[in-house]
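Participant: Residue strings, one per chain:
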Amino acid sequence: MHIIDPRVAMEDNDLIRKAQEGDTDAFEELVYRHDRSVLSIASRYVLSADEAKDIYQEVFLRVYRGLKGFRFRSEFSTWLHRITVNVCLSYKASHRSYSRPRKHDEEADDDRQSDGDIVDPAAGPDMDAVRSEIARRVDAALLDLAPKHRMVFSLRHLEGYSLKEIAAMMDCAEGTVKRYLFDATRKMRGQLKDLV
Amino acid sequence: MTHKKYQRMLVLSLSGDLEKNETAELERHLATCAGCRRERAALEKLNGFSTVLHDAVQVDDALLTEARSELHVLLQREARASRGGGRFMPALHIRPAWGYSLGFALTLVVGVGIGLMRPFQPGEQPRTETHPPVTTASMTSPLAGRTRITNVQFLDRGTTSGTVEFTFDAVTPVHMRGTVDDPGVQKVLVSALLNDDNPGVRLSAANAFASGTPVKSDSAIKTVMIKALLSDPNIGVRKQALAALRSMPFDDQIRAAFLATLKSDANPGLRIAAINALDPILSQPGEIDQSVRDVLQQRARSDRNDYIRLKAKAVLLEKQ
Numbered sequence: 001m002h003i004i005d006p007r008v009a010m011e012d013n014d015l016i017r018k019a020q021e022g023d024t025d026a027f028e029e030l031v032y033r034h035d036r037s038v039l040s041i042a043s044r045y046v047l048s049a050d051e052a053k054d055i056y057q058e059v060f061l062r063v064y065r066g067l068k069g070f071r072f073r074s075e076f077s078t079w080l081h082r083i084t085v086n087v088c089l090s091y092k093a094s095h096r097s098y099s100r101p102r103k104h105d106e107e108a109d110d111d112r113q114s115d116g117d118i119v120d121p122a123a124g125p126d127m128d129a130v131r132s133e134i135a136r137r138v139d140a141a142l143l144d145l146a147p148k149h150r151m152v153f154s155l156r157h158l159e160g161y162s163l164k165e166i167a168a169m170m171d172c173a174e175g176t177v178k179r180y181l182f183d184a185t186r187k188m189r190g191q192l193k194d195l196v
Numbered sequence: 001m002t003h004k005k006y007q008r009m010l011v012l013s014l015s016g017d018l019e020k021n022e023t024a025e026l027e028r029h030l031a032t033c034a035g036c037r038r039e040r041a042a043l044e045k046l047n048g049f050s051t052v053l054h055d056a057v058q059v060d061d062a063l064l065t066e067a068r069s070e071l072h073v074l075l076q077r078e079a080r081a082s083r084g085g086g087r088f089m090p091a092l093h094i095r096p097a098w099g100y101s102l103g104f105a106l107t108l109v110v111g112v113g114i115g116l117m118r119p120f121q122p123g124e125q126p127r128t129e130t131h132p133p134v135t136t137a138s139m140t141s142p143l144a145g146r147t148r149i150t151n152v153q154f155l156d157r158g159t160t161s162g163t164v165e166f167t168f169d170a171v172t173p174v175h176m177r178g179t180v181d182d183p184g185v186q187k188v189l190v191s192a193l194l195n196d197d198n199p200g201v202r203l204s205a206a207n208a209f210a211s212g213t214p215v216k217s218d219s220a221i222k223t224v225m226i227k228a229l230l231s232d233p234n235i236g237v238r239k240q241a242l243a244a245l246r247s248m249p250f251d252d253q254i255r256a257a258f259l260a261t262l263k264s265d266a267n268p269g270l271r272i273a274a275i276n277a278l279d280p281i282l283s284q285p286g287e288i289d290q291s292v293r294d295v296l297q298q299r300a301r302s303d304r305n306d307y308i309r310l311k312a313k314a315v316l317l318e319k320q
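Protein sequences, first through last, are from chains V and Z.
The numbers in this note's numbering rise by one with no breaks, and the one at position 86 of the first sequence is 86.
The numbers in this note's numbering rise by one with no breaks, and the one at position 61 of the second sequence is 61.
Read the hints as simulated data drawn from the structure, not as lab findings.
Since the structure is predicted, the reported quantities are computational estimates derived from the model, not experimental observations.
Incorrect hints may have been included.
Pairwise CB distance ranges, derived in the manner of DEER restraints [claimed, not checked]:
| no. | chain 1 | residue 1 | chain 2 | residue 2 | range |
| --- | --- | --- | --- | --- | --- |
| 1 | Z | Asn-234 | V | Ser-90 | 35 to 41 Å |
| 2 | V | Gln-20 | Z | Thr-160 | 56 to 62 Å |
| 3 | Z | Leu-317 | V | Thr-176 | 29 to 35 Å |
| 4 | Z | Val-171 | V | Gln-20 | 41 to 47 Å |
| 5 | Z | Ser-191 | V | Arg-71 | 36 to 42 Å |
| 6 | Z | Gln-153 | V | Ser-90 | 37 to 43 Å |
| 7 | V | Arg-62 | Z | Ser-69 | 16 to 22 Å |
| 8 | Z | Leu-317 | V | Ala-129 | 17 to 23 Å |
Note that CB positions come from ideal geometry on N, CA and C, so glycine has one too.
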């Protein structure tokens with residue numbers, strides 16, 4: 001009987017070593033274990049699914065090129081997320097002129113209310129429409145933040161990473177992350193003052 | 001002391017990042033400051049809105065699949081550029097066995113073509129055949145019945161010698177009946193599970209292992225099931241592979257496969273099945289090891305499915 005490669009049950013570090021030796025199946029296995037979080041971070045950071053995919057591809061190409069230099073001093077996921085954050089931040093810097101609506105923007109276009117017309121979610125029957133409108137406003141406020149502020153707010157509130165993890169991803173002190181989070185929250189509050 | 005300090009503390013408090021002593025200090029201040037209480041109410045509302053956005057912008061499986069496909073192509077190009085040749089075995093669109101078959105067939109066609117175009121040299125010695133040609137007598141049985149002949153390639157057309165020589169593929173339907181413990185049945189089912197392009201066939205093969213007589217702890221079958229669980233694109237096949245693995249004795253390989261599924265599978269139903277399948281270690285008294293704890297912490301923090309988040313949190317609390 002044909003014996004199947006047992007790498008399917010390997011730990012990350014074993015896969016990394018294999019990939020460093022040129023085993024590309026191991027590399028793809030590694031990608032599939034971690035790529036959802038990369039795409040999720042990218043999707044929350046940029047404006048469209050296409051941009052999120054651009055970031056996803058750039059991240060894993062960098063990982064592929066840099067994997068031989070990975071020395072196991074940190075978790076692979078931390079290293080990967082650090083690359084993701086860097087790609088996101090630089091992506092925004094070089095694509096600042098692009099501004100495309102998100103999917104839920106397009107869907108809500110036809111019956112969008114004015115900014116001041118947000119209603120209490122408990123008051124109306126069409127909860128989905130209300131939630132969609134709230135999401136659109138919060139999304140717009142988020143996209144208006146400075147890149148690092150947006151990244152910290154998104155990683156903490158939307159992705160659920162701890163401050164320590166975010167500090168490792170952004171390669172900065174935890175205190176700096178706290179400051180970014182505070183500034184981001186303050187600005188978001190200002191943008192959404194008619195809602196809060 | 002200004003209120004700005006407490007406003008900073010409020011932001012950290014609502015995201016759960018305030019130290020215990022700071023929390024006590026903040027509570028004391030809030031008891032006496034109406035302005036900061038209003039600020040807290042506003043920030044709580046903002047937090048609620050973030051949850052709405054969290055739910056609105058989700059990575060769906062289709063986008064992930066699309067991203068993986070595009071990455072696969074990019075990696076192939078990258079590998080070719082860096083090594084001057086194909087390095088990546090196609091893993092997403094062309095299943096491995098199909099890839100090998102295609103490569104072999106192309107090589108054969110090109111080889112035969114070159115051979116046929118090569119002019120015959122007078123006085124040249126006959127070629128030594130690695131596989132001597134079979135005679136019609138020995139082919140009687142394979143050619144009988146419903147055998148289908150394809151891909152006939154002439155080596156000698158018989159124009160000078162009167163003898164024709166050719167190769168061909170003979171495909172014969174085989175009817176097999178047996179239990180999944182039968183090594184012959186297992187071999188065919190495993191091949192179908194790993195190589196068949198039709199998801200229905202792969203699903204039936206996985207189903208046979210999952211619903212038949214409990215499979216003996218055959219490490220090759222187990223490895224195949226793990227591979228199907230972790231890499232088959234069809235959710236039904238992955239689900240049946242997980243069911244088959246649950247019927248096998250729980251060990252480190254199976255544990256790692258269930259953990260990887262819980263951590264990475266795009267389908268919430270399968271992640272639920274995976275966390276339930278980990279019960280043999282989660283329900284045991286005492287510590288859980290760090291790799292399990294890491295995955296549970298990640299799921300407790302960010303899984304989109306309520307059941308998984310709650311179960312992961314409950315286990316972590318219990319194991320503290």
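Participant: Does each hint hold? Answer for all of them.
Facilitator: Here is what the structure says about each hint:
Distance hint check: the CB atoms of Z:Asn-234 and V:Ser-90 are about 37 Å apart, consistent with the given range 35 to 41 Å. Distance hint check for V:Gln-20 and Z:Thr-160: the Cβ-Cβ separation is about 57 Å, which falls inside the suggested range of 56 to 62 Å. Z:Leu-317 and V:Thr-176 have their C-beta atoms about 31 Å apart, which keeps the hinted 29 to 35 Å range intact. Our hint of 41 to 47 Å for Z:Val-171 and V:Gln-20 holds, since their Cβ atoms are close to 42 Å apart.
Distance hint check for Z:Ser-191 and V:Arg-71: the Cβ-Cβ separation is about 41 Å, which falls inside the suggested range of 36 to 42 Å. A beta carbon spacing of about 55 Å between Z:Gln-153 and V:Ser-90 contradicts the range 37 to 43 Å that was offered as a hint. A C-beta distance of roughly 19 Å is found between V:Arg-62 and Z:Ser-69, which places it inside the suggested range of 16 to 22 Å. Roughly 38 Å separates the CB atoms of Z:Leu-317 and V:Ala-129, a value that falls outside the hinted 17 to 23 Å.
Figure legend: structure checked against the earlier numbered hints; hints not met, in rising order: 6, 8.
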